[in-house]
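Top line first, the protein sequences correspond to chains A and B. 67 is the number that my numbering gives to position 67 of the first sequence; each next residue is one higher, with no gaps. 5 is the number that my numbering gives to position 5 of the second sequence; each next residue is one higher, with no gaps.
It is possible that part of the hints are untrue.
[What the hints assert, rightly or not] Examples of chain A residues toward chain B, derived with CB under 8 Å:
1) Y32
2) P40
3) G41
4) K42
5) P44
6) A45
7) F89
8) G99
9) K100
10) L101
11) F103
12) G104
13) S110
Calculated from the structure, these hints are not laboratory results. Keep in mind it's a predicted model, so treat the numbers as computed, not measured. C-beta atoms are modelled at their ideal positions from N, C-alpha and C, and glycine is treated no differently.
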Amino acid sequence: QQQVKQSPQSLIVQKGGISIINCAYENTAFDYFPWYQQFPGKGPALLIAIRPDVSEKKEGRFTISFNKSAKQFSLHIMDSQPGDSATYFCAASMYNQGGKLIFGQGTELSVKP
Amino acid sequence: EAGVAQSPRYKIIEKRQSVAFWCNPISGHATLYWYQQILGQGPKLLIQFQNNGVVDDSQLPKDRFSAERLKGVDSTLKIQPAKLEDSAVYLCASSVPWGGREETQYFGPGTRLLVL
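Here chain B stands alone, though its shape is the one from the complex:
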């Protein structure tokens, strides 16, 4: 079974530029999560989708971050404009719907973003 795919793996940009990250979840996983992991900290949920609907985006800085999940499969996370404090690893995870018995979240390798 293929895992969660993310690209790019690394990105370096200057502040005020824009950047986009892509995630392809495990086939059949309806729920998709984007987490931000700052160096030395645990991942923090930014947004959660079930199919193509948003379940939770309470911690997404909506003035600069946006995310979409077209057709309930792939997802993109965008930052515009980026700030220095956005330097982090952006992790995508997927799982079967939370209403089911399986709650394991499967994480991708992440995209490491450095904002200069």
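If we strip away everything but chain A, and leave its shape as in the complex, we get:
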């Protein structure tokens, strides 16, 4: 019940295209869903996050879509750029567990010029 399942494992997109990464969770007590971006040799960095009281959040080219009934959420990267090439992790946490993040397995995104 603590798992967060992420797909696909890897993704290749052409420059200017849309990258879509999906995550699914089981525990309905999760109440915070961040996406982290990680470049090689660096620690993960928060990209965007959403709470279950909204269905979508947009920040620049990055959008989270959240489907509470399906227990799924996804990251959309519009106008993907070569600089977006990185590994993306979805995660989930619940308020009464002190902010402990449960991470998905990661998606390695490669944006081709």
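Since chain A is already given, all that's left is putting chain B on it; use the hints.
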């Protein structure tokens, strides 16, 4: 604002040896986390501190791993003795207390450990 600092960045040891990692969180961040990231996987929480108290260490292999956070600032994570399966990147992260509005965890660059 300085980020989370970790050292060393890389460490190679032989199995059954001991190793220690150091983390200095962002100034003012009361909560500190240690994660283990095995190649090709997402980070997995090992231990969480709030100030110098342990909040969650349920996934810490306590027979070989130990961690402390003296004075509620810096933290060290130790492995003794190391096993081959401990080869991973050890990430430290910090945040303001979870009871507050800000929940962003800020990660350091990690320490890459190779056990031979």
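Evaluated hints:
1. For the restraint placing A:Y32 at the interface with chain B, the shortest Cβ-Cβ distance is roughly 6 Å, inside the 8 Å limit, so the hint holds.
2. Against a cut-off of 8 Å between C-beta atoms, the interface hint on A:P40 is violated, since the closest Cβ of chain B lies about 11 Å away.
3. Because the beta carbon of A:G41 sits about 7 Å from the nearest beta carbon in chain B, less than 8 Å, this interface hint is met.
4. Interface restraint check for A:K42: the shortest CB-CB distance to chain B comes to about 6 Å, inside 8 Å, so the restraint holds.
5. For the restraint placing A:P44 at the interface with chain B, the shortest Cβ-Cβ distance is roughly 5 Å, inside the 8 Å limit, so the hint holds.
6. Contact between A:A45 and chain B, as hinted, is supported at the beta carbon level, the nearest pair being about 7 Å apart and thus within 8 Å.
7. Against a cut-off of 8 Å between C-beta atoms, the interface hint on A:F89 holds, since the closest Cβ of chain B lies about 5 Å away.
8. Taken as an interface hint, A:G99 checks out: its beta carbon lies about 4 Å from the nearest beta carbon of chain B, inside 8 Å.
9. The beta carbon of A:K100 is positioned within 8 Å of a beta carbon in chain B (closest approach about 5 Å), and the interface hint is therefore held.
10. At about 6 Å, the closest approach between the beta carbon of A:L101 and any beta carbon in chain B falls short of 8 Å, and the interface hint on this residue holds.
11. At its closest, the beta carbon of A:F103 sits 3 Å from a beta carbon of chain B; the interface hint therefore holds under the 8 Å criterion.
12. Annotation: A:G104 was flagged as interfacial toward chain B, and the flag holds, the nearest CB pair being 5 Å apart, inside 8 Å.
13. With a cut of 8 Å, the hint placing A:S110 at the interface with chain B is violated, because the nearest CB-to-CB distance is about 15 Å.
In summary, the numbered hints that this structure violates are 2, 13.
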